Amino acid sequence: MLLKHSLTPAQIFAFTWKVDIMLLLCCTVVYFLDTYWLSAHIAIPVAVSAVLGTAIAFFIGFNNNQAYDRWWEARTIWGGLVNDSRSWARSLLYYANTKDDPELHTFVRHMIYRHLSFVYALKTSLRKLPDEYYTRYLTKEEIDYIQNQQNIPNAILNLQSRDLQQLRHNGAIDGFAFLELNELLVKHCDQMGKSERIKNTVFPPSYVYFTRLFIWFYVIMNTLMMTEAIGAWSILFGWIFGFVFHVTHLNGITLMNPFDYHPLGTPLDSISRTIEINLIELMGDEPIPQPVKTKADGLYIM
Amino acid sequence: MLLKHSLTPAQIFAFTWKVDIMLLLCCTVVYFLDTYWLSAHIAIPVAVSAVLGTAIAFFIGFNNNQAYDRWWEARTIWGGLVNDSRSWARSLLYYANTKDDPELHTFVRHMIYRHLSFVYALKTSLRKLPDEYYTRYLTKEEIDYIQNQQNIPNAILNLQSRDLQQLRHNGAIDGFAFLELNELLVKHCDQMGKSERIKNTVFPPSYVYFTRLFIWFYVIMNTLMMTEAIGAWSILFGWIFGFVFHVTHLNGITLMNPFDYHPLGTPLDSISRTIEINLIELMGDEPIPQPVKTKADGLYIM
Amino acid sequence: MLLKHSLTPAQIFAFTWKVDIMLLLCCTVVYFLDTYWLSAHIAIPVAVSAVLGTAIAFFIGFNNNQAYDRWWEARTIWGGLVNDSRSWARSLLYYANTKDDPELHTFVRHMIYRHLSFVYALKTSLRKLPDEYYTRYLTKEEIDYIQNQQNIPNAILNLQSRDLQQLRHNGAIDGFAFLELNELLVKHCDQMGKSERIKNTVFPPSYVYFTRLFIWFYVIMNTLMMTEAIGAWSILFGWIFGFVFHVTHLNGITLMNPFDYHPLGTPLDSISRTIEINLIELMGDEPIPQPVKTKADGLYIM
Amino acid sequence: MLLKHSLTPAQIFAFTWKVDIMLLLCCTVVYFLDTYWLSAHIAIPVAVSAVLGTAIAFFIGFNNNQAYDRWWEARTIWGGLVNDSRSWARSLLYYANTKDDPELHTFVRHMIYRHLSFVYALKTSLRKLPDEYYTRYLTKEEIDYIQNQQNIPNAILNLQSRDLQQLRHNGAIDGFAFLELNELLVKHCDQMGKSERIKNTVFPPSYVYFTRLFIWFYVIMNTLMMTEAIGAWSILFGWIFGFVFHVTHLNGITLMNPFDYHPLGTPLDSISRTIEINLIELMGDEPIPQPVKTKADGLYIM
Amino acid sequence: MLLKHSLTPAQIFAFTWKVDIMLLLCCTVVYFLDTYWLSAHIAIPVAVSAVLGTAIAFFIGFNNNQAYDRWWEARTIWGGLVNDSRSWARSLLYYANTKDDPELHTFVRHMIYRHLSFVYALKTSLRKLPDEYYTRYLTKEEIDYIQNQQNIPNAILNLQSRDLQQLRHNGAIDGFAFLELNELLVKHCDQMGKSERIKNTVFPPSYVYFTRLFIWFYVIMNTLMMTEAIGAWSILFGWIFGFVFHVTHLNGITLMNPFDYHPLGTPLDSISRTIEINLIELMGDEPIPQPVKTKADGLYIM
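Chains P, X, F, Y and W are the protein sequences, given in the same order.
All letters in the first sequence, in the order written, are residues 1 to 302 by the working numbering.
All letters in the second sequence, in the order written, are residues 303 to 604 by the working numbering.
All letters in the third sequence, in the order written, are residues 605 to 906 by the working numbering.
All letters in the fourth sequence, in the order written, are residues 907 to 1208 by the working numbering.
All letters in the fifth sequence, in the order written, are residues 1209 to 1510 by the working numbering.
It is possible that some hints are incorrect.
[Unchecked claim] Below, a list of computed lysine-lysine pairs in the DSS-like style, where the Cα atoms sit at most 27 Å apart: (1) Lys401(X) / Lys140(P); (2) Lys1407(W) / Lys199(P); (3) Lys306(X) / Lys501(X).
[Unchecked claim] Label pairs and their in silico Cβ distance ranges: (4) Ser6(P) / Leu515(X): 45 to 51 Å; (5) Pro130(P) / Leu326(X): 49 to 55 Å; (6) Asp778(F) / Gly586(X): 31 to 37 Å; (7) His773(F) / Ala920(Y): 55 to 61 Å; (8) Pro130(P) / Thr1224(W): 28 to 34 Å; (9) Leu1211(W) / Ala296(P): 38 to 44 Å; (10) Leu931(Y) / Leu1211(W): 49 to 55 Å.
Rather than coming from a laboratory, the hints here were simulated on the basis of the structure.
If you're wondering where the values come from, they're calculated on a predicted model, not measured in any experiment.
We treat Cβ as the ideally placed atom computed from N, Cα and C, and that holds for glycine.
Work out the full structure: start from the sequences and follow the hints.
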């Protein structure tokens, strides 16, 4: 997640250099083509090309809307996971009757810690980077069991269900507390599945691909048209127009895959750490981990 | 679901060849008509036709928005089915008390496998292709019963309800677990009904039909106008403009029916297999089936 | 619900003849006025009128969006009714313990049939056509009772609640099954009320009325402008432009009242019959009614 | 809620006369200014002002979308109140076991009548008009109690909770019925709060104010531009353009505050009466009140 | 929340002075550059720049839509908190059986007062201003405990859960009341987390930054173009155009962070006080605090 509202020219260039160079090349080529080879032939009415620009602005707007919705939904899912994690820990700690049984108390505390494993394992499976932080809160047997499974966070949830039934069997919780706790487990499962849905569903590539193609059409046509009116200045203005369209399109594309590991993605590191801090603090344990640090001098957080 | 972000020219042509040919024909005919028969008569102000282009871009945008919403809703419904399938299996396995009763244990496991039948039968009924994979997890009697019913996945759900009541009657689950499990059954039923709604509700054909008609109006008018300004080049540019509008419109149309069996549809094969893998792995059975393979050299997955 | 994606010219004309004739008249009058009386005076810059066209396209788009949302919400409500009807029947049949009591069994089956009455009575009250099919599944006394009530489907729901309490009183269901069944009753009540909301809430007529007025403004101004450029051809092109705007506006208006009895409305006949088939089949009764037939040679279904 | 789809010119004038007069004045002044003082100086390119018109059309569209959403949400909230009122009465009447206790029966019936007070008191508090109809269904003590409270409908809800607990204490309802009934109370509370949210949240005045300002900019610039092209006709056409923009903006503004007492607002009188009729009929009491009458010869209903 | 629908010129200037001055400077510089240095070289076709204006209007519209959604979601979350606070107090007061136990009665009343602490602590943590009003309703021990925690409102919720379990342990509430009360606690936790999500998620700065950059591109290009047509008047008109675009963009930006302490933010002071009044009145205590006063002579409320 980007944190700064202003970018330096260097940062803009870092974000856009590929398209900048391609645009300058393209506009220059079109200018020379039109000046030395074509100028006699083509004088498309300006308003005609204006329609193309307007239409493409719509289609870019469409892509951006859907991309933003994916990004915001991803953030909302993980926001929901924060809430349900707090409710899970709070409910387990206070509603399970463990007063006279230290072993049971440890059992319940392990179920809370294991939820942290679930959160970190889900992060690992979404980011697809090697990151085994989640094993920190599991026993050796549990690690062996879940690493044999294809979907690790799901396997952790299964362990939670098994132990919830155990609690009930022991009489530590009654049916009503069981209802509430299981409902939270179902929500964890939903949030896992929803994250996977966003991760695994490719935004229809036809939209992205053809919109990019159409922008290039437009840049060429626009430069053609301006060459006849303003000569070599058309290279500059063609670049500006292309910049506006391409950069807005790129803005959308970078939001489309919010679980990828890039500065504009959902800050899973930071959110997971928030959950970790809240849960460890609730149980009164120490040390409480530090919040995640921002990167690139406060430019973004992962 | 398409997986690749770039298309080769051959793939673009495979997707658009019909409209490409019709556009070239149309623009050529208009050019010759205008040049040899009409040119003296019609000189529509360009800005007038620009309005038409803008208006049509809106209407295309409207269709695309609604189509994308249908496509995303379809994906969301099946994502929900993944989550609820996992919860169903997890809950049945751990909350049904079958410790001292191997027959009951088999009974519960059959209820989990039967859920796989439900998922595959729903897939078959949405795709409307002959596919009896779902019978694999049913007994002979069950197959006979459900194939006499008009709505096969619904008939499977009825069997699940019958057996859930049986579990309760046996004392394997109590009222609280019954609540949670029946709630999941109700959700399966909702997901089935929502999928059928999207499958069976034709997107208002008047929008699709008239938008296509309007695009052709616009292509003709636009080529007319450009012929007077740029002569035979109007065939090329008329084709480009038509391409932009028609292809965007086509993009929307291909998303409108996400349960049809085409590369841009919802990948039901792959989602069903994910559920199958998760459930079989949870029960510790073997062999675990392989994930569905991509097609056309990684271009899409069904 | 329309089923065919292509319309014949005759069908287009049947849908649009009123506006076609009015447009031709209007454009012709404007042409003659401008040619023989006004031409010297008015030469509005074309770009000025283009703004009006663009603005009106927005407002039409706004109306179409809201209309489509009403139409899709109506479909979603009735899709939900399908799902909850299946859950209602499935739950009643399997969760009510009627094994040793044939009278109670009949009582439960009557509650399922009475739900069909609810569905058909709701259809009748939304369509506001004389249709007493719903009486088929009620006793004489029930018919007498409900026909004295102002809201017939609501009265049927009241009977369902009364009998649900009776089941519980008899011990046929316990508190947990009561919870699940009553929740379905509450959902039926919600779906009834949501359908009434869409039926009874008039879409703000100011939008519809003024948008139509603005389109006529635009058609006149546009024809005025084209007359000076292209003479009598302005009648043809004025008609085309008016056609695009008016037809898109009409498309929206026909979706605004999805419960009216017209080919683009929600197919309540077909949905009710689907519910009827599913429920009768579930109970193993005969004869199972036939699905509703399409009309006008497959053009639409009601 | 307006009921008629066509307006007479007199009704249009009644709705728009203020803006009509201001527009005519403005355009006339601009015309004379431009003709006698400015004409030599300003000849803004038409396409430049067209952009302004397009941009303003967007911003008007934005306001209208949000306004419509508020209006529809208001209607949906009160539609939900209708549904939950029916469920409340139905559930109380049938699920409270009052067979052998006429006093308890009266107690339950009073709880249903008191819900009508809640609905009418909520209407009074939203409309902010003196209207004490809600006292009709309360006892003298209850009226004294609630009128000392700042939020009268909320005070009525508190009485309902008190009596619900009483019912449970008496054994007239058990825990399961308590769950269902309390859930309805929570929903009534939500609907009250959601209505207050819409009533009390001022739509960001900056949008409304600046959009109006921008429309006046545009009207002036547009008339300036047309004066040079078409002379005094610019007054007429300037007025038409301003009319289109201002009236669409006004349409939005009138929907923004759906609980105000004006013809386009949510018809709270009519909805409350529907609830009243349904509940009194359910209890078999008499007389059943008449539905609310339309006003202004069928033009609207409050 | 702004309350007044009209702004005085001074208030407009106070809101926009920065951008006003920058626009005047920019347009003046462009005018002089174009007149004395460039005028011979650049005559961009007007329609070309019009496209840029239209495209930017879209992107501004996109930002405004998302910003408004954040603002409205923030208001909806706090509206939900109002509702759930009332339900929490109402349910605790009436459903906890404290008749014969004054100590328990005090205990329950403290749980209601502690909820006010939760609301005020949440306000403090969102506003990030020093404000310890929330300590007013806590005991000394509780203050010590929660101020050692990193997330104070969350720590208060943990206390609520602890005491809810206590109530149940004492037999003051049974399982059904526990379900309802815990569900409200979960909702409070959700509303806290949702508020934090909006507070902590930076709206993608790339949108805000590039849109501002594009507006400046457009202002420059537009002034360039007008200079050639209308000379020094281009400074005035360039300023007007820039004003329209920049102010609309600013409108969106001020809504993006609804929990900041500025006049357009969500009025947390006022909403918290409403909850405080409702709860204290429900318990029959005194004095009831005064509603929050408007500021700046009724211009806004915090």
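Status of the hints after comparison with the structure:
1. A hinted pair counts as satisfied when its Cα atoms are at most 27 Å apart, and Lys401(X) with Lys140(P) qualifies at roughly 26 Å.
2. Between Lys1407(W) and Lys199(P) the CA atoms are separated by roughly 25 Å; this keeps the pair inside 27 Å, and the hint holds.
3. Proximity of Lys306(X) to Lys501(X) is assessed by CA-CA distance (about 26 Å); at most 27 Å being required, the pair is judged to hold.
4. At about 48 Å, the CB distance of Ser6(P) to Leu515(X) agrees with the hint of 45 to 51 Å.
5. The given range of 49 to 55 Å is respected by Pro130(P) and Leu326(X), whose C-beta atoms sit roughly 52 Å from each other.
6. The supplied range of 31 to 37 Å is met by Asp778(F) and Gly586(X), whose beta-carbon atoms lie about 34 Å from each other.
7. For His773(F) and Ala920(Y), the Cβ-Cβ distance of about 60 Å falls inside the hinted range of 55 to 61 Å, so the restraint holds.
8. Range check, Pro130(P) to Thr1224(W): Cβ separation about 52 Å, and the 28 to 34 Å hint is violated.
9. Look at Leu1211(W) against Ala296(P): about 42 Å separates their beta carbons, and that is inside 38 to 44 Å.
10. At about 30 Å, the CB distance of Leu931(Y) to Leu1211(W) disagrees with the hint of 49 to 55 Å.
Comparing the model with each earlier hint shows violations of hints 8, 10; every other hint is respected.
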